[in-house]
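Using the numbering used here, the final residue of the sequence shown is 131, and nothing's skipped along the way.
Everything labelled a hint here was simulated from the structure, so no lab data went into it. Treat the hints with caution; some may be incorrect.
[Claimed, not checked] What follows is a list of derived Cβ distance ranges for each label pair:
hint, residue 1, residue 2, range
1, I14, L98, 22 to 30 angstroms
2, I125, L98, 33 to 41 angstroms
3, L20, G75, 19 to 27 angstroms
4, V106, L64, 41 to 49 angstroms
5, L6, S105, 26 to 34 angstroms
6, K66, P22, 15 to 23 angstroms
7, V110, D73, 43 to 51 angstroms
8, I53, E126, 36 to 44 angstroms
9, G90, L20, 29 to 37 angstroms
10, K99, S25, 33 to 41 angstroms
11, I80, L35, 12 to 20 angstroms
Backbone N, C-alpha and C fix where the C-beta goes; we use that ideal spot for every residue, glycine too.
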Amino acid sequence: TLLDAILIGIAQAMALIPGSSRSGTTLTMGLFLGFTREAAMRFSFLLSIPAIALSGFYELIKEREHLADAGFTGLIVGTVVSAVVGYAAVAGLLKFLKTNSVFVFVAYRIMLGLVILYLLIEGILQP
């Protein structure tokens with residue numbers, strides 16, 4: 005519904021908080037709204053297309069002077085390879101989520117957060 009889309013969009017905006025995950029916030033909101041894991045993940049990845057495309061175009065415009073010197077071949081090859089690998093990664097993740105829980109990702113984020121917190125407390129990492 006339109007309300008679901010708005011709420012998931014708000015969840016995506018919450019990813020502006022440092023340390024949060026855009027796909028994680030949108031996936032969580034989708035699950036909270038009663039979407040299946042697969043539907044929530046599909047919507048999350050579809051929602052990422054405008055954000056990724058706009059950030060890419062922004063960088064392209066920002067670096068246009070350097071691109072003229074370097075040529076466009078590397079940019080085109082990198083874009084195509086990135087698209088193919090990204091598509092394969094999303095397809096693999098969707099296949100994984102059809103039969104598995106998102107708990108493994110939640111556990112990973114919690115463990116990573118605890119490690120980073122420890123490293124900050126010990127002074128090994130600086131903010």
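List in ascending order the numbers of the hints, as given earlier, that are violated by the structure. 3, 4, 9, 10, 11
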